[in-house]
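S.K.: What follows is each chain in one-letter form.
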Amino acid sequence: MSVITPETVTACYHCGNDCEEERYTIDYKQFCCHGCKEVYTILSKSGLNNYYCYNDRPGANRAKKDLQLDYLLEPSIIKDLVEYSDDDVTIVTFYIPHIHCSSCIWLLEQLNRLNPAIYYNRVDFLRKQVNIRFSNKDIDLKGVVELLDTIGYEPLISLQDVIKKQAFSRKDDLVRKIAVAGFCFGNVMLLSFPEYLGFSEHDTSFKYFFGWLNLVFTLPVTFYSGWGYMQAAYTTLKNKVLTIDFPLALGIAVLFIRSWIEIATNTGAGFVDTLCGLIFFLLIGKFVQRKTYYHLSFERDYRSFFPVAVQVIEENSERHVPLADLQVGQRIRVRHQEIIPADAILLKGDAKVDFSFVTGESVPVNKTLGEVIYAGGRQMGGAIELEVVKPVSQSYLTRLWNNEAFSRSQDDRIETFSQKVSKYFTVVLLIVAVGSFAYWAPTDMHRAIASLTAVLIIACPCALALSTPFTMSAALGIFDRNLFYLKNAAVVEQIAAIDTLVFDKTGTISIAGGSNVELVGELSVEEKDAVSAVCANSSHPLSQLICQHLGSASRDTHVTVYNEISGRGIAAKANGISIKLGSAKFVLAADSNAVADNGSLVHVIINSKYRGYFTIRHQYREGMFEMRKLREQYQLYLLSGDHNHERGNLSSVFGDENAMHFEQSPQDKLNFIEGLQQKGQKVMMLGDGLNDAGALKQADAGVAVTDNVNNFSPGSDAILDGRSLNKLPAFLKFSKDALHVIYGSFCISFLYNLIGLSFAVTGRLSPVIAAILMPVSTVTIISFTSIATHLAAKKRKLL
Amino acid sequence: MSIIYFLIGCSVLLALVFLGAFFWAQKNGQHDDMYTPSVRILLDEQPLDETEK
Chain A
1 MSVITPETVT
11 ACYHCGNDCE
21 EERYTIDYKQ
31 FCCHGCKEVY
41 TILSKSGLNN
51 YYCYNDRPGA
61 NRAKKDLQLD
71 YLLEPSIIKD
81 LVEYSDDDVT
91 IVTFYIPHIH
101 CSSCIWLLEQ
111 LNRLNPAIYY
121 NRVDFLRKQV
131 NIRFSNKDID
141 LKGVVELLDT
151 IGYEPLISLQ
161 DVIKKQAFSR
171 KDDLVRKIAV
181 AGFCFGNVML
191 LSFPEYLGFS
201 EHDTSFKYFF
211 GWLNLVFTLP
221 VTFYSGWGYM
231 QAAYTTLKNK
241 VLTIDFPLAL
251 GIAVLFIRSW
261 IEIATNTGAG
271 FVDTLCGLIF
281 FLLIGKFVQR
291 KTYYHLSFER
301 DYRSFFPVAV
311 QVIEENSERH
321 VPLADLQVGQ
331 RIRVRHQEII
341 PADAILLKGD
351 AKVDFSFVTG
361 ESVPVNKTLG
371 EVIYAGGRQM
381 GGAIELEVVK
391 PVSQSYLTRL
401 WNNEAFSRSQ
411 DDRIETFSQK
421 VSKYFTVVLL
431 IVAVGSFAYW
441 APTDMHRAIA
451 SLTAVLIIAC
461 PCALALSTPF
471 TMSAALGIFD
481 RNLFYLKNAA
491 VVEQIAAIDT
501 LVFDKTGTIS
511 IAGGSNVELV
521 GELSVEEKDA
531 VSAVCANSSH
541 PLSQLICQHL
551 GSASRDTHVT
561 VYNEISGRGI
571 AAKANGISIK
581 LGSAKFVLAA
591 DSNAVADNGS
601 LVHVIINSKY
611 RGYFTIRHQY
621 REGMFEMRKL
631 REQYQLYLLS
641 GDHNHERGNL
651 SSVFGDENAM
661 HFEQSPQDKL
671 NFIEGLQQKG
681 QKVMMLGDGL
691 NDAGALKQAD
701 AGVAVTDNVN
711 NFSPGSDAIL
721 DGRSLNKLPA
731 FLKFSKDALH
741 VIYGSFCISF
751 LYNLIGLSFA
761 VTGRLSPVIA
771 AILMPVSTVT
781 IISFTSIATH
791 LAAKKRKLL
Chain B
1 MSIIYFLIGC
11 SVLLALVFLG
21 AFFWAQKNGQ
31 HDDMYTPSVR
41 ILLDEQPLDE
51 TEK
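If you read the sequences in order, they're chains A and B. If you're matching positions, the first sequence starts at 1 in full-length UniProt numbering and goes up one per residue. If you're matching positions, the second sequence starts at 1 in full-length UniProt numbering and goes up one per residue.
Incorrect hints may appear among the rest.
As the list claims (entries may be wrong) - Simulated pairs of lysine to aspartate or glutamate, EDC-like, Cα-Cα distance not exceeding 16 Å:
{"no.": "1", "chain 1": "A", "residue 1": "LYS142", "chain 2": "A", "residue 2": "ASP70"}
{"no.": "2", "chain 1": "A", "residue 1": "LYS585", "chain 2": "A", "residue 2": "GLU564"}
{"no.": "3", "chain 1": "A", "residue 1": "LYS291", "chain 2": "B", "residue 2": "ASP32"}
{"no.": "4", "chain 1": "A", "residue 1": "LYS609", "chain 2": "A", "residue 2": "GLU522"}
{"no.": "5", "chain 1": "B", "residue 1": "LYS27", "chain 2": "A", "residue 2": "ASP70"}
{"no.": "6", "chain 1": "A", "residue 1": "LYS291", "chain 2": "B", "residue 2": "ASP33"}
Derived by calculation from the structure, the hints in this document are not laboratory data. As the structure is a prediction and not an experimental result, all values here were calculated from the model.
Generate the whole structure from the sequences, applying the supplied hints.
M.R.: Below you can see the structure in the form of structure tokens.
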């Protein structure tokens, strides 16, 4: 049936992987595995072949899947997952990491053709979510998840669905406030034109009409859209701090009162359009500042990493229990690839636990019966049974989350530049205002009041309040393009302020699990067997890697003598072959000229004869070794949960020995950062796993490095795609540039204020001048910040 | 010239209707997902042809 010659490697019609071994062919189409073929069959049976029309090979590889979904039948778990449920209908939103193209949208919105029990489904592409409404009677939650899984869209289920939470928190009425302010601003501008252009004598009745209409528009603008500034100013005054909100609120209040008095007493035109424009632009600035990459989650804790439910073994039954309800003393079963949810004692089974989540060490560790296994490890063998010894919230790993680093508010960590300036600004503003009042008061009381209010109006720091958000959001956009996603605009300033960089190793600067072992020298098959058997006895990560590389020894290899000296090597005898393995110091004579190499070396002596060495190279991320240039300006530290077998390799980047710290527990990392901060250093932490979560939170800027930004990454200030790690120096420089742009825009803003003040202190500020000056300064600031930021990005080659 | 009172009244009323429409759209979540609809519109609803196959 196949028309393709066996020599050509074809790409799977479903997922695009190479079809290697067996051919799965149907309808003249090639599939790499049975899973992919199954999905195709299901889709074509239901007439959903359009899936393949919109994109080439849109599917996910389905080669290995072993889903345990029984927990989705447990009512207490269902309750937490669904959004709404009654007797007929359930609504649920799933996060599906695989959503990546238009085909995905199309297929996921056609679910009812696969199962009519599903009424409605809508995809949110950017958030990679699908919202599903289904009939309770005909299908259950487990069925829905299974259906999604059969077509290759396995949802990632977590009880802490942060994406949902973020969506809720965004639902304030900022957009509505902007709409109201913009609406009024537009109308007021139109109605103010006749006033500025002048009325003829017999049109004065229009003047009243327009004036009063304008005043009506000030009401919603001041008391709805701008009310937040009044409240903010009130709270800052109560707390006896001066922020930029105070002069803003003062300006708004003066504009409002003076406009009402002038128009009501028919003494002037008021400053209604300045008032509306001011609030409108301020809210726009707030909106821009708020712009975040909401499809990424920056606030994750251990609950997103741990399983949703745990299988608890009771006397004669097994049931699924939500993670939070897990109690000390319960017996639990953990299957292959599942994560151990709480500190527990191993009771039964062959435990081979991958602790890369916790320590960064990626080689699985064997555990013996009766040993305590810490939470966060991933079981790599068959099912094991454990007895819980500590509640989830107090286990070794999750204790971190009780640290104060997690409870403190993230946003007031550093005083931003504009906060610092606005203090002085407010003081100077008040002095100028009172001064001009005092100057005119003895001679001309009317003029004195006019100049006092005019100063407060014209100096209202609109441009000042806008320059930071607009610069930062332009910077945010540029970072985003370079796969560096920041939580919010304030993080740019945090990054600009740092002087110390702390790196985690595995997963951050090296690729997790990516190490290659190479044997330099020749070994016979028996010798290899013997070496492998010896290494199998050792839990040292290098031994484990060598063991993996050589393959497991044949059964009749017996290790007769075994002596391991930790940190140095192994002397052993297997099948009559005496073997010495380890560091150059241990294996060779102390002063031998050990071959200089970048990787870690394990030398081998067999029967007293030097036979060569194993090189073990970790795969570092691209550009990692360029980081050494950063040493000129920053202090670099390495914090690794790993053993120190890469020390030599990394010293070219981190320099002296004190900068590298190995075998650090998550708590150690947090403490280390805290120690640096107490010395007054501003620390940026780059880490990847759950084990870095505490340090990431504690650091002044926590950056989660990840290969796939849509996977779960620990809560942090920023998420960096691993491919862009080499751009880190440019990022750091650029964040400083952004700060310079802010300084520049502040200068411009002050210039405008000076021009305006020169009108104001003399008491000659007319509404027209105010109405022109305010928007012009705003537009200048916004265009200056975006142009300057883009130029800076070009200079740093980020654009 | 007093027609201006009427005209301005009309224009403000009309503008209020648009503002109301915007509020309604906002409340209905029409601005929640600004991206997916732009893709969705490109997906043709092709007639089911599996019966002929």
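S.K.: With reference to the structure, classify each hint as holding or not holding.
M.R.: Consistency of the hints with the structure:
1. LYS142(A) - ASP70(A): Roughly 7 Å separates the two Cα atoms, so the pair holds.
2. LYS585(A) - GLU564(A): Since the Cα atoms of LYS585(A) and GLU564(A) sit roughly 14 Å apart, the hinted pair holds (cutoff 16 Å).
3. LYS291(A) - ASP32(B): holds (13 Å)
4. LYS609(A) - GLU522(A): holds (12 Å)
5. LYS27(B) - ASP70(A): violated (37 Å)
6. LYS291(A) - ASP33(B): holds (14 Å)
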